[in-house]
Amino acid sequence: MSTASTPPTTRHHLLSVLVENKAGVLARVASLFARRGYNIYSLAVAPTDDERFSRITIVADADSAPLEQIVKQLNKLVNVIKISELDPLDSVERELMLCTVKADASSRHNVIELVSIFDGRIVDVGHGEVTLAVAEIPARLDDLEELLKPFGILIVQRTGRVALPKLDRTFTR
Amino acid sequence: MSEEPIRMNGGEALIKALELEGVEVIFGLPGGCILPVYDPIIDSPIRHILVRHEQGAGHMAEGYAHATGRPGVAMVTSGPAATNIVTPLCDAYMDSIPMIVITGQVPVGAIGTDAFQECDTIGITRSVTKHNELITRAQDIPLVVRQAFHLATTGRPGPVLLDIPKDIVDPTNPNSAMEWYWPTDEEVVASMPGYKPTTKGHPKKIKEAALMIGESVRPVLYVGGGILKARAAEALLELAELTQIPVVTTLMARGAFPDDHPLCLGMPGMHGNYTAVTAMQESDLLIALGSRFDDRVTGKLDSFAVGAKIIHVDIDPAELGKVRRPDVPIVGDARLVIEELNRALLALGGAEAQPDRSAWRQQCSGWQEKFPLSYEQSEPGQLLKPQYVLEQLRDLSPENTIVATGVGQHQMWTSQYWTFRHPYTWICSGGLGTMGFSIPAAIGAKTGMPERTVWAVDGDGCFQMTAQELVTAATERIPVKIAILNNAYLGMVRQWQEMFYDERYSEVYLSPDLPDYVMWAEAMGCVGIRVESPEEVAPAIIRANSITDRPVVVEFRTDSSELVYPMVPVGRSNSEIVVGPTGGEIQ
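Top to bottom, those sequences are chains B and H.
If you're matching positions, the first sequence starts at 1 in my numbering and goes up one per residue.
If you're matching positions, the second sequence starts at 1001 in my numbering and goes up one per residue.
In short, the hints are calculated from the structure, not lab data.
Positions of the beta carbon are idealized from the N, C-alpha and C atoms, including for glycine.
Incorrect hints may appear among the rest.
As the list claims (entries may be wrong) - Below are the EDC-like pairs computed for lysine to aspartate or glutamate, each with C-alpha atoms no more than 16 Å apart in a straight line:
#1 Lys166(B) x Asp90(B)
#2 Lys1196(H) x Glu20(B)
#3 Lys1204(H) x Asp1327(H)
#4 Lys1196(H) x Asp1185(H)
#5 Lys1322(H) x Asp1294(H)
#6 Lys102(B) x Asp124(B)
#7 Lys1309(H) x Glu1208(H)
#8 Lys1322(H) x Asp1295(H)
#9 Lys1322(H) x Asp63(B)
#10 Lys22(B) x Asp1140(H)
#11 Lys1196(H) x Glu1186(H)
#12 Lys1322(H) x Glu68(B)
What the hints assert, rightly or not - Beyond 12 Å from chain B on every Cβ pair, some chain H residues (computed):
#13 Phe1116
#14 His1131
#15 Asp1316
#16 Glu1319
#17 Leu1320
#18 Asn1342
#19 Ala1353
#20 Pro1512
#21 Glu1532
Pulled out of the complex, with its shape left as it was, chain H reads as follows:
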């Protein structure tokens, strides 16, 4: 019995395809070319969140994906809207965030004519997407949407952009006519013969890795964001406890391993703590799991962990040997590989068969005692120390609070001073370092996880880049909380000018009072609170946490002279880590 074909237009097909992919929310902003797709949204159960700037839509989709593990979806029009969303695309590409971006395009017949609001979206976004596709036939929409979700969420996740000419979605245009169909998983896979990500690690390599671990007396588990993408936190915990190997979690992996676990050494890298940095430097084996030897982690490459052998597990074969040649390369999904590795270690005798590493762990805990993170509390009447604000925020916020940051000093302090106990509670722009990320990312996270408290910790510089999205949050009743560490400067740039440019401060001063952040917050429909002295910090945080019907902005006036320590000066060896303003270099 043949079924009657279901005829519909491309716009309806696009929305229906998104519904069938399980999309519950689209972050977007309509415009000329995407208009026809906005009509069927009215009748769709998908929630649409109207942003105030297309960059906000992209970062919201990223924040949503970070917090939920599901792909975030953003939809905007052609031309300037497409170029406005390039930054989030690049951000998601660098940090491997699953995201679908739909852009409008001028009608197929007008492409290439410099039509109004036309730009070469595919050409512009080619190098900042995992894949992009210009759909030229309405009939192709269901298949291409399914391909996009498959690509965004499998293998190494990443952003996929679909560029949709107006005529194929406009019901008044015959080009939009199509017959509905929904391809099977097999059809989707078969339609992309060049895409076959390897998920299962090679058994021989896994055995080799298990044997190498068994011979190491100073190993470190060097854990990156891939652990979170692979939902591998439990497998990692099992591996660490089975082998009693200390763990460092990179900026992208904060929360992948509990900070209060005895084996956790915290964050390595340029602003990592002394123990995490030094343990990697002194190790005889780095077990890199979903991490990519980023320059901010390795410091000067030829002096990075010179005595260490490398086991490198990554879903992306291009990461293996890109920066540091591994002794045992394993291509595969981090969770599957770690589970196999755990089995291989058990087969070799489990915990009893591992060498005695107590001396190594003692050395690490010795460093932790000798060089903890530290700062000096401010004198009465002086500006707040940002670290103190973060300690209070950490201690007064509910368990499982999600914290998002922008980029700069506040980001590093938050990563350092927060105690991450659960995966997917930390959201930041790591690879691209996008200022202004935190507000929209927090809104996206809160949209996906409405029952959780979501704090965005922001700098005053970052806040001014994307603050308009708080109007979106207020309108849509998405009660995020923003902590501005207002030090009146582009603080990280100021820090570099202080340390490396003889305190010649060039174009970094922003003023503490202009804008007035409290008035600005209230103008956007948020509650605005200003905090200037230490005794006001806790009450303000408690009050902010109690407000659940609208966004809250708490402006903390912080000390602009405070610097982020420890620091490995750029281009220097990690062994030259500077632990504090008076600490000098430790050898």
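Excised from the complex, chain B in its bound form:
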């Protein structure tokens, strides 16, 4: 895993993988990446509205030729139903970040102001620190992290991104 502050490069590919919601399926997917020598940058998984299936959103480091191979290998897994590669320009993405940052009486309002600019919320408050939650596109989270650094970040937890294709807005009669 790279650090969260590393901006995603063009080698990052976004895969949305629909799988059977069964024990061991995530292990099959993850070990396939390991076995074929590909790095997973981030991964998010949860059941879909249909409880028989889960959706895994994977951000993978790969050139496009190896990516084709990993997609084909993933397709061979019996429990994998469907794989879509999402073009970041044609999809909506979100990632959730929880971050505990130093914020004493003198700096707290600055932190709160920053968080509100990023449409986040303060979800926990201590004497000298706050924990904030922001759901945003990954690049905006990177920006926020950068801006929070001077205050003193104590811990960052990000979920990895989830994504869906953009809706078709072509006009049809």
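Following the hints, position chain H against chain B.
Positioned in the frame of chain B, the structure of chain H alone reads:
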């Protein structure tokens, strides 16, 4: 009218499911966790063959599948038995062999507690199976067994492992209670929404391929093991004769096209013959059918057949473009695609519409005349030449003899010197290169094809890895024949040390006399014969072929200095093929 439910325990259900899948033989070895399944076997018509080591069970199931085309079945217990069968699983996965392996597992409640003979079989075998499944409910057994056979035998075939906890098959445990049912084909397919292999080739791509063939003047049919898995040998013969295109058969495809056919160029690759290797290098179109551009075939990839366009037909989409980007990729079953391709070629005018390729065929036959396989016969009093032994074995064995090998020099010589005329007469470990494969594989083949003569050609190194299965063969009256080419070395490793490590021989000497192979054979209930001079070779083979009531081991003392040629040194271009010890490089 509702039928009375049939209640039974999971162990009975498992055996009944195997019977309904048409299983006639299980290769296995019982143990603690699989014990309850071994009880109903007593009352089942399924034959069980008790092996001496679980690796043997796996390779026997593979040999059975190779020879019969039906999935081989192996059953072993948990823990060490499961880990012992990992090698055959990987072997079957690499060579796309349909196989079902059933492993015992500790009771569901004990999983994860480091119980006695517990191991993470599913985790360990995940990357060496087409699919594996831990069954946690007795009620699931019929469906999961049907799924396993469907997966193993359709699409790209491969091994499927079922891990069965003891409590769901143990009649004394309430967890084993189930109501019998037998899912329909439709229910099986519907239960696996992620598994939909493409069998029919895309008509547009097939047309494209037919047109591309029609424009090629130096084409080669590059035929792999997929042809055999798809039962496509007849369709291939029709394609080759219709187009008059020469054929190379890879190590996994020996027998898919008759070696004595005028269009057959034989085996390509690292130890392929000069003509097969060079025809591919010089071709303008490679028609890859069920082959996968393995490194042992291509040599140095960026100099492999650089002038050739590629038509690649494979049932597995992941093979298309994995190594070499095809100009025309076709996903589909090799037999169905070739049949469609033949129709497309006929529609384009058939044989008359094909360009004149006589110059290309003449070039190929010129190479065949100039660079045939060759070796020098030994002087009187010297050790046997392995090639001579194989020529004699080939000529003195009945038509349709099945030959299995281990891995190493003896394997390459057998592939080179045998004349394969029929599909499914050649069994070897190609992808994984598993030493010790031949004896159990031959036993499995003979079990499935009892009327055929089955020879295992083995090296002395290989023999020592799985010889104990000859006890199984003797006990079960499975009269296989073993030819050991005893050169007292791990011969292929020795060859590499001679050629690439300045003759510094490191840990390759095995001794010709220790063990005494004849005494060992007889101790295992086999007939043992030792052959040391050329005039003894034929009589020994004739005698071995005449023995049909027990296994025979013939030990041939062969010349350890003999090397496998031709050879493309590893990492080099196929154009740098070395044809013989004195031949040097041919340009």
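Hints breached by this structure: Structure breaks hints 14, 15, 16, 17.
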